[in-house]
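Those protein sequence lines, which keep their order, are chains A and B. Just so we're aligned: 70 in numbering that gives the first Met the number 0 is position 71 of the first sequence, and the numbers increase by one with no gaps anywhere. Just so we're aligned: 558 in numbering that gives the first Met the number 0 is position 559 of the second sequence, and the numbers increase by one with no gaps anywhere.
Hint data in this document are derived by calculation from the structure and do not stem from the laboratory. It cannot be assumed that every hint is accurate.
What the hints assert, rightly or not - Pulled a few chain A residues facing chain B out of the computed Cβ check, cut under 8 Å:
hint: 1; residue: 28
hint: 2; residue: 31
hint: 3; residue: 36
hint: 4; residue: 42
hint: 5; residue: 43
hint: 6; residue: 71
hint: 7; residue: 77
hint: 8; residue: 81
hint: 9; residue: 100
hint: 10; residue: 102
hint: 11; residue: 103
hint: 12; residue: 105
hint: 13; residue: 109
As the list claims (entries may be wrong) - Capping the alpha-carbon separation at 30 Å, the derived lysine-lysine pairs in DSBU-like fashion look like this:
hint: 14; chain 1: B; residue 1: 215; chain 2: B; residue 2: 176
hint: 15; chain 1: A; residue 1: 173; chain 2: B; residue 2: 7
hint: 16; chain 1: B; residue 1: 332; chain 2: A; residue 2: 159
hint: 17; chain 1: B; residue 1: 79; chain 2: A; residue 2: 99
hint: 18; chain 1: A; residue 1: 100; chain 2: B; residue 2: 571
hint: 19; chain 1: A; residue 1: 145; chain 2: B; residue 2: 220
hint: 20; chain 1: A; residue 1: 99; chain 2: B; residue 2: 294
hint: 21; chain 1: A; residue 1: 63; chain 2: A; residue 2: 99
hint: 22; chain 1: A; residue 1: 159; chain 2: B; residue 2: 7
hint: 23; chain 1: B; residue 1: 332; chain 2: B; residue 2: 291
hint: 24; chain 1: A; residue 1: 63; chain 2: A; residue 2: 145
hint: 25; chain 1: B; residue 1: 25; chain 2: A; residue 2: 99
hint: 26; chain 1: A; residue 1: 5; chain 2: A; residue 2: 100
We put the beta carbon where it would ideally sit given N, CA and C, even for glycine.
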Amino acid sequence: MLCEDKMIEEYPLLPEPKTVRLKFCKTGALQYISHLDLQRNFGRILARADLPLWYTQGFNPHPKLVFALPLAIGCESVCELADIRINRDMPCDEILRRMKKATVRELDFLSCYEANRKFAEITYAGYLVKIQSPMNMLPAEADVEKLLTSSPLIMIRKTKSGEKETDIVPMIKKVRVSKDENGLCLRLLLSAGEGNTLNPELVVSALRQHLAFPGEEAEYSIMREYLTDGSRKEFV
Amino acid sequence: MFSSSLLKSVSKPGRYAGGEFGQILKKREDVDANFAFCFPDSYEIGMSNLGLRILYGVLNKDPKIRCERVFAPWTDMEDKMREKGILLCTQESGEEVRSFDFLGFTLQYEMCYTNVLNVLELSGIPLLASERGEEYPIVIGGGPCSYNAEPMADFFDLFNIGEGEEMLPEIVNLRIKMKKKGASKQEFLREAARTIEGVYVPSLYDVSYNEDGTVKAIEPKYPDVPRKVRKRIVKDLDTMFFPEQVVMPYIECVQDRIALEVFRGCIRGCRFCQAGMVCRPVREKSPETLLKQAKCLYDNTGYDEISLTCLSISDYTRLRELTDGLIEWTDGKKVSLSLPSLRIDSFSKELMDKVASVRTSSITFAPEAGTQRLRDVINKNVTEEDLMRSAGIAFETGKDTIKLYFMNGLPTETLEDIEGIGLLAKACVEKYYATPGHGKRPPQITISVSSFVPKPFTPFQWEPQDTVAQLEEKNQYLKEKITDRKIRYTHHDARVSHIEAVLALGDRRLSAALIEARRQGFRYDAWDEFFSYEKWMDVFAKCGIDTAFYANRRKAEDEILPWDTIDCGVTKEFLLREKHKAYGEKTTPSCREACSGCGANCLGGKDICCAKTK
């Protein structure tokens, strides 16, 4: 907290705690931080930002914090969402300003607003997968598309109840494949939400298993770009 | 820089990725010296170290210096690095460690020595200082083990003896100045040894040995090299550099909280304890300073726990002011306080109410020895009555689990003393049932026994360690004595303690064994899953080293000890006096009750521990 900041107590108490939504990115070095570690660190960022947090009323009070959709290790994102609850009327732009000061560029807060839609509405997540490779090593676009749209494509998927064999094609809503001088680009719209999330890493594994591409050593990046509801309208 | 495909292929890649809040990023071209600071263990252990937090801050405060962190890669990463020929990089910039001007290691425990050598190797840096040319970093060691780092002497260019806050920037700045004038590494090392207090350059001393293997002489090679290297201390802790920002690890670390250093040194003088001797004289921070620093650290870190760090918190003269001042704001912020160690002669309900331990049901005490006689020998200065009183307070407030720390293999120890450990635990069980308002569950008393390792600069530095067989026999004896299921008994591996003793008490001839250990791929020896006693003993045997000579031999009082070049303030005369008192089962009062003339006052300090000698 810097001296020029207003004290929390200067903001009026709210009659009811209010939920506000934070949109943030998780890129670069931060892609290697697990969801669990992110959760733990979020509490510290909130404390550094010095927000008027509402605490749960139980035996072990803690700030209310809900994430939209966990992100797998090795996956970057520019569309992460988390809800926090405040008990004083601090404006959203002030919350955003404080959060930005309390974090690093690779875990930056992009916007803050009062939330009106529930995370349960999230049905799909859009990803951009970039696989570096010389042109002559690339598979044909049509082969990639065919693989990812021909049911069944059985992969072993880790779920809460252990590993299970799943046909991932029904979970791939949309595939667009393109090539450029750096390699292969995949734009994917994958199933997302409670118990039904397809990790884009699995799509890369499927390519590797069936098209022998990319090689074990290949560099590739995965970026989560947007979230949508069931009608494929962007979820915010 | 580690590639993303490499990071994606190892466990916990967050260990290597950097990008933490609070890390300091500078550009190579903007500074005059690059310093890689290595904690030679895993990221989770290293990031917990307070010394790293301080020295990282103090070096980076200097605009001429860039300091970056390095840790030992975990074994899966090491395998991949070796397979692909990738060299070790720093956390911040991902630049190769060997491109730095300095590589500093903090030596916190002997069992990290193999990791130090592994880090050198993985960085592409020759192990032996004598084989490193001008193009390699100057390798510096510091931390508790540098008080006798002779087994590691051949691998280091210089050691920091004592506290590094002032010494380390002086060393780097001297190098910057001399390098600009074109001075060589050797010229720099000699100048540093000559002019900077606390700098020990092992290559500037010749060590010779007697027929019987003991040290014959340690001679400076040049007349201007100090015969004795005096430990460096920071005299005033209130004005000392303090890191207001902490690098915040994302992955969970061993000590993931604010460490508030309350004071340095210890007034007690337990005769087995090296820290209690080499950290003298006692220097306190004022509550005013501490309260300011605690709030500042909270604002900058957001940690929800503050640990008060020092050798014995209840000896802090203004503890109540400090805890009261902290609680004024910590409760509202849901920040809890924790205390590292509590002495049973000063444990109070008032103190316990203030600390986080109310959340847990367990509390830890360290009587160290099982009988009053042996506690007097080691000068622990606590009684069974103290323990019963403290246990009673804990039980009254609803605790049902107590952990008791002991040592076995202490000088003069008999089986009666070992049996005493069990009897103390039994007395705790009885105390539980005799305490009105005790909990509903049966009590759980845990006894944790480690083996005594004689350490340099303690009154017991001349003592032999029990053999592994003796220690294991004592462990077995105690195990058989404990029949109550409410008492849980655990003990450290005596075989690790033996290797520890060899390395702690060793001389330069051990470097051959450490090189052989590296050749055989030793690393992470501080971790049970990687330590192998048999392999260590093979290495020593192969190098013709008799471990009993170092660990199990009683040293003559007039013997030249490998660490005699170092002056830690406390005199040999004092240590001998204490040794003799130990044999007479006579205790020495704490520095606050009476000055025992240890000699550390010669080092100065704002509030010298003993008022009489001011």
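Handout entry: Hints the structure fails to honour
Key = 6, 7, 8, 9, 13, 14, 16, 17, 18, 19, 24
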